[in-house]
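Guided by the hints, dock chains B and C onto chain A, whose structure is given.
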Amino acid sequence: MLRWCYPCVRPFREIFVTHKQFTGKAAKRLFCSKDQQRSDTALAQELERRRTKIDFTEIKYPTKVPETPISCINLDKSPDYTPSQIVDSQTLQLLERLSLVDLDSKEALRALEDSIEFAEKVVKIHTGCVRPMYTVLENHPLKTRPDKVTDGNIKEDILKNASVTEEDYFVAPPGNIPLETKEKKFD
Amino acid sequence: MNRTFSGGIRQLGASFASGAASPTQITEHALQAAKVASHLNAFIRLTPEVALSSSNESSFRYQRRGQRSPLEGVPIAVKDNYCTKDIPTTCASKMLEKFVPTYNATVVDRLIHAGAVLLGKTNMDEFSMGSGSVESFFGPVKNVWSKDFENDNWRITGGSSGGSAVAVASGICFAAIGSDTGGSVRIPASYCGVVGLKPTYGLISRHGLIPLANSMDCPGVLANNVDDCVSVLNAISGPDDCDSTTIKEPYPKVELPFLDQINVEGIRVGIPEQCSCEGLMPEVRDTWVKIADILEDNGAQVRRVSMPNILNSIYVYSVLNQCEVASNMARYDGVEYGHRASTAASTEELYAKSRSEGFNIVVKTRILAGNYFLLKRNYDNYYIRAMKVRRMIFNDFKQVFEKDGIDVLLTPTTLTDAPLYREFVTKSNRDQCALNDLFTTPANLAGIPAVSIPIRLSSNCLPISLQLMGNTLQENLLLRVAKWIESRVDFQGVAPPEDLRRMMEIMISAAEKKTS
Amino acid sequence: MNPSCRFVILNKFDKIIVRNLTKVAPKKSKWQSVVGLEVHAQISTNSKLFSGSGCAFGSPLNSSVSLFDAAIPGTLPVLNKHCVELAVKTALALNCEINPVSMFDRKHYFYADLPAGYQITQQRAPLARKGQITYPVFTPGVTKKPYYKTVRLHQLQLEQDSGKSLHDDLAGRSLVDLNRAGVPLMELVFEPDIEDAEEAASLVKELALILKSLECCSCKMEEGALRVDANVSLHKPGTPLGTRTEIKNIGSIRNVAQAVNYEIERQRVLLDAGEEIQNETRSWDAASKRTVAMRDKEVQQDYRFMPEPNLPPLHLAMDTASASNEELVNVQAIVHAMPMLPEDKRKRLAEMYNLPQETLIILVNEEVLLDYFTQIMDSKLEVPPKTVANFLINDLLTFCNRENISVNECKISSNQFIDLFKLMQAQTINLHYARLLLNEMHSHPDKVPAQITKEKNWEQINDPEKIEELCRECVKNNPKVVEQFKKGKEKLLYALVGDVAKKTDQRANMAMVVEKLQQMLKS
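Chains as they are written, first to last, in full-length UniProt numbering: chain A, 1 to 187; chain B, 1 to 516; chain C, 1 to 523.
In isolation and in its complexed conformation, chain A is listed as follows (with noise of 0.2 Å):
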């Protein structure tokens, strides 16, 4: 946290380059001048920089701002919500194959489920003919770099990271074999 100046009430670091005597090792102190006493003064300075001096509750002209706010989004459910959309067990365990992470608990099943159904609100929007957008620079051509050799023979700091390498490979057990996933009962 910034150190403020008990005494006087101001950020440490703008005492740095203002107060003279505070050169050296006085960053290790809390204060920036001997008298230890808070003065009122500085406190209600300090205050007064402070306060707002707008008035919030009064406006000159007709707002732009629309009165009765439009309702957006309802994220209040009851207690025994439940999602509408129900990831069957098949499905649930061919994204686990594809996601190879788990899903371990009934609040995780409902969280991924819920989820779902709240991209259902994407389904429900009619775009007609509109050309889907994957990025904002579809209208700058990609750049390319030149053919040459700019890069690698770093091995060294290829491997650094992994956990376990021999003989400058990288180690993973056999591959080839499918992950068992079993039936998800969550109660």
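One thing to keep in mind: the hints can contain errors.
Said to hold, decoys possible - Heads up, simulated DMTMM-like pairs for lysine to aspartate or glutamate below, C-alpha to C-alpha not over 25 Å straight-line:
(1) K148(A) <-> E455(C)
(2) K81(C) <-> D151(A)
(3) K98(B) <-> D168(A)
(4) K81(C) <-> D286(B)
(5) K155(A) <-> E138(A)
(6) K144(C) <-> E159(C)
(7) K503(C) <-> E455(C)
(8) K454(C) <-> E440(C)
(9) K60(A) <-> D241(B)
(10) K513(B) <-> E58(A)
(11) K98(B) <-> D86(B)
(12) K422(C) <-> D371(C)
(13) K376(B) <-> D229(C)
(14) K289(C) <-> E276(C)
(15) K85(B) <-> D168(A)
(16) K143(A) <-> E468(C)
(17) K164(C) <-> D151(A)
Quick caveat, the hints were computed from the structure, so don't treat them as lab data.
Since we're looking at a predicted model, the values are computed, not measured.
Positioned in the frame of chain A, the structure of chains B and C alone reads:
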């Protein structure tokens, strides 16, 4: 007492140059301040050795009048999803707990080149997946404006760049780098009372930024004021050969005139009517109304505009984000880097175990949901459709900026002031994001620049901020208006000490009583 | 059916398949085979598709690897311009429609040698599509007469190669080397227009010729620079296509023919026995010469393609208007710089030298032969082109086969060949010694054929007096044969000719000998 020092980077540089202070001094102070503030959990790692040695170099350069840029000697914190050479970069995840990059992100390289001092790596939501900075493997970040730091009674910082926001708001450093995919810079900036800038997509290189969703990820700047934001922006922006999505055309540095030369006369300000929605805290609405009024009073043309698709942004964002996440996270398998499960009988089992142990539940759920949307049978229905609605949102912006002639759009940044942690965590991660990201995701989907600026304190003595959005590459105009508003509201960018905050609260509630 | 039971049954069928395959003329079948090819060609570049690390074959483990190739978080792809140029060149050679704007996609699957968990490829908007290749189908000794076949190309796309994993079964682990990860590939997906194994092999042969003449790919199948996957299915004419299998791991052009042949026969035997074909991936085992089912195919795959967000669309300069943008790959410039393709070469040879189609095909198939041929012809010798071509195709190839070397390894220079033909033309040597000269020239590339001939005393005997003397002697020594000849057994002339040849170590000018003998005997 010399009152001209407002804590800005420019003034700091002047004091360095004059010899009134030295980078080493300021860095030592910042490191100590960070230690004192450790209860806020803003940093995953401080980098005192790097910081002190580079600040010594900076001090030396100042002595020889050889400073490299306005950022020379300025302590800056970087979110822990930017790769830093020989400094662990974790993304706040167990998966990357021991990952030590062998290269610097372009943003980090440019900061170092500009002479900035890297103070440390800031805390965040794991892999930036969150909007509260509560989903970190290293524990949640606490908002410096909280009145109580115990028993879950503290305020969240917003996320996912919460650590960066707090590092600035608490005065530890002068600026911090965050990343903004759906509002991750602007939301914590808003809740912590600092300026948060998400520039045009492609203006700053993403090389070395560990991605959340590549098509929307955007490096961003958090600072105490608009001028400081500009100083950092100018140091890090511009094309990069390592990132094919940086805009190739040379872009002139942002230069803001002095305050007395800025006026808003003739500036066309749009108020998107869809942003006046349910759930908007009355005080936030009042703030929005008042600032629009002040702008109009000073000659700006304030107009209501309709952007029928922008409130669909959160749904589109949710689908696109989870799909890109499912894809981006596929590389974490424990073989080349990252957490590796101790035993496994097959490659797939190793991957599954490492990933299950290394990721938190939010990451896992997004991977599963993303893969669901990407399944061949679902792809057209979800992903393609989301990309179509993305274009509709993009076209809404094109309409207001190019056809309606709007210069900037003014909206709230968030619906409310910073929520209490205790209340925030009762909602699911998805709902947290939907609520927090409501006004911020449209700018990411359209790739346009947006800035959150703190305006005032709420009756809870918490910052309330507004967002300005501009057309692509219109940072200059956007930040000029932001600076003008900033000067009008005179919000002090560093949170005051606790006793002062308590007094301010009393003052605010007294004022409230008087008006009601 | 449990797995072991299936294995036994397959073995039973195996015997029938092998028996059928060895039959000289397989019996007419009611099944029609349909074959589609997918070819991966490594693009000949210095650096990788999306990174600046090198592509050299055989570099030390994990040394030609950049951080991007190892999928280190935060790294991003940057496209190699030369890869695009070479792919465009290939697309033009294959008569494709080139997409002015193409895009990159991610294809997801987990494998130890795929560090990012996805491969960057072009699925939805590839660089080019709708091409076609027209090529001669002819394998000497297998197909009777050459004919032309046209196969459509579905699409041509750029993509990354994966790394390499070595399965150490003993220690129960895979060892991963990423040198190959990110090497640029062109994937060429052909429509299933092919009907049999020879058509498939000939297509690959022609494609390799094209890619080599474009200098787009080394086509060294042994280094994995050209990889072929074949889809095979059988159906009855007039009915929908049958279930197909995919054969991977085909290591040479001959293997393409063998693998496809085997797979067609395997499916035919199974279908005849009322079995169902499994939709599976099979691997060609060159040692046992059969296709075997790969282990991992039980699992349903869903590659979850999505656009690669780190790469904006790839724009090409299609016309002169957009060619001013130097950033873009200029298609017109590539069109103008197109080299001669194999079919152009065949057409040109046919026009210039009036050679039979078989000869044209073989000459163009073997680049070295074609080089010899054109250089010999360019030297303006008075030798008929057909003689030169036949000597190269028959005699040189036979020599190479006997020496067990490939034509490329033949050390004979084209100047030596020119001299050789000069000697033959001047009747200094005959065909027999010309053949023997091949060996000498190969062992002594520095020696002039005339010198060798002189040293070895291989010169042909052309002196009419000498010939007459030889003939006279021969007639004298074979009175019985002469007698029978005079009685009308005119064929016996060649016995006498053979005798002269033998006496002179084949050095006598046979034409003169024949003429002289006839003259002598008929007088």
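Results for each hint:
For the given pair, K148(A) sits about 53 Å from E455(C) by alpha-carbon distance, which is inconsistent with the 25 Å threshold. Between the alpha carbons of K81(C) and D151(A) the distance comes to roughly 16 Å, so the proposed pair stays at or under 25 Å and holds. With a C-alpha separation of about 20 Å, the suggested pairing of K98(B) with D168(A) holds against the 25 Å cut-off. Restraint check: the Cα-Cα separation between K81(C) and D286(B) comes to about 55 Å, which exceeds 25 Å; the hinted pair is violated.
For the hint linking K155(A) to E138(A), the alpha-carbon distance of about 36 Å lies beyond 25 Å, and the restraint is violated. A distance of roughly 39 Å separates the Cα atoms of K144(C) and E159(C); the hinted pair therefore is violated under the 25 Å criterion. The straight-line distance between the Cα atoms of K503(C) and E455(C) is roughly 20 Å, inside the 25 Å bound, and the hint therefore holds. At most 25 Å may separate the alpha-carbon atoms for a hinted pair to count; K454(C) and E440(C) meet this at roughly 13 Å.
For the suggested pair K60(A) and D241(B), the alpha carbons sit about 51 Å apart, so the restraint of at most 25 Å is broken. At most 25 Å may separate the alpha-carbon atoms for a hinted pair to count; K513(B) and E58(A) meet this at roughly 16 Å. A threshold of 25 Å between alpha carbons decides the hint, and for K98(B) with D86(B) the separation of about 11 Å falls inside it, so the pair holds. In summary, the hint linking K422(C) to D371(C) is supported, as the alpha carbons are separated by about 18 Å, within the 25 Å threshold.
The suggested pairing of K376(B) with D229(C) holds, with an alpha-carbon distance near 23 Å, which does not exceed 25 Å. In summary, the hint linking K289(C) to E276(C) is supported, as the alpha carbons are separated by about 22 Å, within the 25 Å threshold. Between the alpha carbons of K85(B) and D168(A) the distance comes to roughly 22 Å, so the proposed pair stays at or under 25 Å and holds. Between K143(A) and E468(C) the CA atoms are separated by roughly 82 Å; this puts the pair beyond 25 Å, and the hint is violated.
Between K164(C) and D151(A) the alpha-carbon distance is near 20 Å, which keeps this suggested pair within the 25 Å criterion.
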